[in-house]
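Trainee: For reference, the chains in residue letters:
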Amino acid sequence: MSSISADALQVLALIVALALAYRPLGDYMAAVYSSKEHLRAERWIYRCVGADPDREMRWPAYLRGVLAFSLVSVLFLYLLQRVQNHLPGSLGFAAVTPQQAFNTAASFVTNTNWQSYSGESTMGHVVQTGGLAVQNFVSAAVGIAVAIALVRGFARSRTGELGNFWADLVRTTVRILLPLAFLAAIVLVACGAIENFGNWHDVTTLSGAHQGMPVGGVASQESIKELGTNGGGFFNANSAHPFENPSAFTNLFEIFLILVIPFSLTRTFGRMVGSIKQGYAILAAMGIIWLGFVVLMSWTEYAHPGAALQAAHAAMEGKEQRFGVGSSSLFATSTTLTSTGAVDAFHSSFTAFGGGLTLLSMMLGEIAPGGTGSGLYGMLIMAVIAVFIAGLMVGRTPEYLGKKIGGREIKFAACYILITPAVALVFTAIAMALPTPVHSALNPGAHGFSEVLYAYTSAANNNGSAFAGLNANTDWFNTTTGIATLLGRFLPMVFVLALAGSLGQQQPVPVGAGTLRTEKPLFAALLVGAVLIITGLTYFPALALGPIAEGLS
Amino acid sequence: MSLSSQSLRGTLRVTWAAFRALLVLTVVTGVIYPLAVFGVAQTAFHSGANGSPVRADGRVVGSALLGQSFDLPGKPGTPDPQWFQPRPSAAGTGYDTRASGASNLGPTNPALTKLIDSRRAQVAAFNHVAPSQVPPDAVTASGSGLDPDISPAYAKIQVDRVAAARHLSPAEVAHLVAAHTDGRQLGFMGEPTVNVLQLNVALNALKG
Amino acid sequence: MTTATPIRSQLPQGDGNPGQGQGPGRVGAGVFDPVQLWRSLPDALRKLDPRVMVKSPVMFVVEIGSVLTTVFAFDTPGQWFGWAIAVWLWLTVIFANLAEAVAEGRGKAQADTLRKAKTDTVARRLVGDAEEQVPGTDLRIGDLVVCEAGDVIPGDGDVVEGVASVDESAITGESAPVIRESGGDRSAVTGGTKVLSDRIVVKITTRPGETFIDRMIGLVEGAARQKTPNEIALNILLASLTVVFLLAVVTLQPFAIYAHAEQTMIVLVALLVCLIPTTIGALLSAIGIAGMDRLVQRNVLAMSGRAVEAAGDVSTLLLDKTGTITLGNRQAAAFVPVPGTTAAELADAAQMSSLADETPEGRSVVVLAKEKFGLRERHQGELAGAEWVPFTAQTRMSGVDVDGRKVRKGATGSVVAWVHERGGTVPADAQRLTDEISQAGGTPLLVAVEDASGARVLGVIHLKDVVKEGMRERFDELRRMGIRTVMITGDNPLTAKAIADEAGVDDFLAEATPEDKMALIRREQAGGKLVAMTGDGTNDAPALAQADVGVAMNTGTSAAKEAGNMVDLDSNPTKLIEIVEIGKQLLITRGALTTFSIANDVAKYFAIIPAMFAVAYPGLDKLNVMHLHSPQSAILSAIIFNALIIVALVPLALRGVRYRPMSADRMLRRNLAIYGVGGLIAPFLGIKLIDLLITLIPGIR
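Residue numbers (the working numbering), protein chains in the order written: chain A, 17 to 569; chain B, 15 to 222; chain C, -3 to 697.
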């Protein structure tokens, strides 16, 4: 079988697996957020927290919960790294420096998981498992909770109540992420991912040299790293590392884990707003973009333009033999179109257009299908914008899911789409204007610019992957990317929740023949167009000086 | 009570709840969950959970999943013709498990072109084949720097050189390579591979 | 007004697409005269004042850009490029202002004529029994003023005493005088109108300066124009897109410097102006003004733009049966004879008996007899010795006694009584026929005769409400647009249902009281629907206020006019449908031009980006798919296109995008194809063409 047809089969198998999971998982999640019952374990947790899970919150209260929890998380994770040398199981690693600890804490709490450190030489067992892995769970849960609050805003009428943050956080963790992550971790460990809490020890290799044997609770973190679209590698090589991602099968399985919750959330959305078809329309828009990018990426990677890749006869620099070009393209597209940022091959060595596609994927706002929760709310915001423009063209005040999109709603949506480009571009511009940051770039010319642009795009969009040639462990990059992740995560959440509150108060408008049908294919196509044009255009000048210039030279 | 002290009190209350929530969730997802995975892993998948160790001559010589260098003893960086050679590695000085990673050199970076050209020349000369016969994986560094595999094509061009160095018949070595060549998983996942360490362990066993 | 406004609103029947604004007799609504551009130029220049510009964030940015480029052009005076860009940027701003000025200018002419009507009047105020002369501007609410023939009514108010004919042409453009009388639903008078006969006492209900005519002037001038909710929302979106692109351009310079391709300020401003949505930003306010203007041209005054937008969203229309759905009076539809009588005999008798009946019903019987049986209308003088019995409300019968034969026609009860008086009997068949007609929603009239054979009933005339021509099609259209029509009538449910079925309305409210109407509106609104209705009476006022779009008839009471958010000067209830269409058209025009504006950006990128960076990265010249002549001509072409497209679209903005009733889905598909895909392609052609023309200019090649 040729590589290409094998890759096509891989994509097909992935789609089938996602399709099989779509209904049960989507419906299950909808049931989780609609349920009135509490599990015994959950009751125990609520008692510990001291929160009443049945108390409805309006958007400011919900937001306060999100922000307080995230703030506490940043502080806790920061402290944990700062005192690492005093912790048991530290593997002899020193305390993490203040800038790097801040960067890492901000990055993991915001579901970015950008890493300016190398896992195998920086983090001990306790920080990895009790700090970073925990944020892998809860940052994903916070994202989903906010998305569910927005969905409730659409689904509910004449109330500003969006649910209870603590209940959503705990249920997401306990009922959705934990069981799935556990099963996935077992699958990974069965395929060779390691799970132990021993100490590094050297072995004498066959040729008589010495090689250290890595240790750690890798499988348990790897599963939630993908499932929660976190992406922070246990090791520096991330999912290219054989202990994180041992085989072509685990590779496909990890891609499945990355995509399954974000895609299935559209079903949850459809269920909760009372129209499965509305969910399908969002799914279709996400799916079209995802598949289109997979095809483009595979095409350019197989074509391997670029002098060095031509010299190598294939775009295999930075790619693993067991994955090859096809699986790596699939992974790269999936990880940047979600907020994952895990990599099984290194984007910096991709073809110029391939690297450009990973950049563009993030620039679109990571909404196809996007991060856990953040993908859904990001796409719904774009849907609001698309409805606003297209809705006018059918001669009515635009409405989406029966909710009118008026001044308030468009203000929140417009602020949302403003933030990430602003953060990404302004930080990149400052970095480029200053004399020193540019020295962090490994490659010369347009590619060097792409490295800096990639760093801030990744941080602002909470992706976490990198054009890893950039030496990001400098005070400048640790501080600025850390700030960028925080701004890129929480400011949008403010507007999402405000929008949810505003929508929830509305009385829905019944659907009639004069209503723009947002569940139809035409709307899905329109949404794709709006995403590509409105967000794509913002970045086009920057892309022209980065990957496009590199690719066309 | 003034409004600001009221809101301050509210903020403190929610922050305190957040702190307790973080602690309890840390216990659940940071202690109970990894221990559960650990328990199952160590019971049911002991070898894999501990790094898939490979034994030769009665001792552990590495991990089936991690590539390693096969250089001349005491001459790091100089490949030993007796062994099948892995891909170039950007991890440290080569296959350093404490510094996994890729070169990150860009596709149009002249330094990378130069590196690839020189690798091609070196591999071709080392294996006495034409430069055009050298496959891509032989001249490119992997993502992890710990890639345990090479392509069947790269294994194939090394057969004659290894056989000559070990005074074995090329057919015998070629047979060994074939036995250690894995196709795509389930026929369509990933690329065909040859695990270098396991091939070399088998090679080592032949001699003995 | 009559002279200044060549627009006559036409009767809606027979006009399939009144929203198009292009039909015959719809002068001015859609026609755009290029001379208007020239005439509005001074206004456009006045609007360059930054304090005015700042209201449109997009164009304000362009203005700042114009200033910057001008300054930089001075800096390097030898370079034609900087000057060319500066000039075209200024033109872009002026074109935008021109669009608004033209839209406003069309209202100004109307306002001027209105002002003439509002000459300073002298009011004759009643103080006790005495009269005093005061200026009209000194009147207060509650003052009583006397107006006699020849007087101009000094302010808005209600007639509290007397009846007069009033010339309201200053407001409505209708020259026929109307009757205004105290009490009832025709008591409201408007300041500025003229009493033609008799004497009335008017109680002033509005403060000077806030009268109907004042508000009307404000409205048509656009002076009182407030941004509508949707316009505000769109402005927010446009402003945020502007900020995004501003950031994209501002941050570009450090990137360019790194690439050794530092850009001049002029080029960066050019890029920014090309990217921000100038097309819609320039035309947005013109679209809104023109929308109001289209209503004014149909003689409808909207008290707020909000109401016009709401009209587009209406999903339930409450229409009064009489005058809106039906012609307003019942007409003879059939002659149904009793057994033993032929239809021709019946028709003859019916015609004879109706000649003395001047009511519309009576006339319709004569007309039907002529149509169906070719019976020529006889005149009362033709029959010698005939004794005519005219129809009166007391007898409820009419007829004629001639040649010893007495023929009568009238209400069932009256005619039955008449027959019985004369010793005749009414056959059971007649009773059955009248019942059947009643049940079908019609009104039966009995025809009886007394001659040598005695008094007897000949048959029944079937009177029914006649639904206006084309109403069914109209309602079908509305249904396709997603609008439900509910007929409101005082008729009994049976009659109401029959007419509702015939007219094709979706629902009806029979024996409707004002409270029922109110309840219906509330019910619809509770379901999230927007309701539009018309009304004229004081008892309609609460419902008019409750409805999202309440159109008061100008003939109605001032209470009704206060309660509604629109006034129809023609007092034509069918116009509600047109109002809905205008509302929709307004929103569609905004959406279409926004889409067009954003889609335009793609082509502009392909012109400007290679022009900016191909020097540093020659590969980027591959993006120059239009093969533009030089970097400078490429950037200039994009800027010129950007400016000219505004002027090119002014007529569309003023006229509104063509609107046809169709489902939302089809409409979206159509408009997306035209304005979305068209917006992608058009600038590629336009920019290329302009580039070709620029290269023809000597000294530039």
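Everything labelled a hint here was simulated from the structure, so no lab data went into it. Keep in mind that this is a model prediction, so the values were computed, not measured. There could be a bad hint or two in this list.
Said to hold, decoys possible - Distance windows between CB atoms, simulated:
(1) Arg69/B with Ala110/A: 49 to 59 Å
(2) Ala58/B with Ala110/A: 32 to 42 Å
(3) Thr220/A with Thr57/B: 51 to 61 Å
(4) Asp68/A with Gln20/B: 31 to 41 Å
(5) Thr57/B with Val311/A: 18 to 28 Å
(6) Ala29/A with Leu49/B: 27 to 37 Å
(7) Ala644/C with Ala125/B: 29 to 39 Å
Ideal Cβ placement from N, Cα and C applies to all residues, glycine included.
Trainee: Against this structure, judge whether each hint is valid.
Mentor: Evaluated hints:
1. Arg69/B with Ala110/A: 49 to 59 Å: Given range 49 to 59 Å: violated, Cβ gap about 34 Å.
2. Ala58/B with Ala110/A: 32 to 42 Å: At 36 Å between Cβs, range holds.
3. Thr220/A with Thr57/B: 51 to 61 Å: violated, 29 Å
4. Asp68/A with Gln20/B: 31 to 41 Å: Violated - the Cβ-Cβ distance for Asp68/A and Gln20/B, about 19 Å, lies outside 31 to 41 Å.
5. Thr57/B with Val311/A: 18 to 28 Å: violated, 43 Å
6. Ala29/A with Leu49/B: 27 to 37 Å: holds, 33 Å
7. Ala644/C with Ala125/B: 29 to 39 Å: Distance hint for Ala644/C, Ala125/B is violated at roughly 53 Å.
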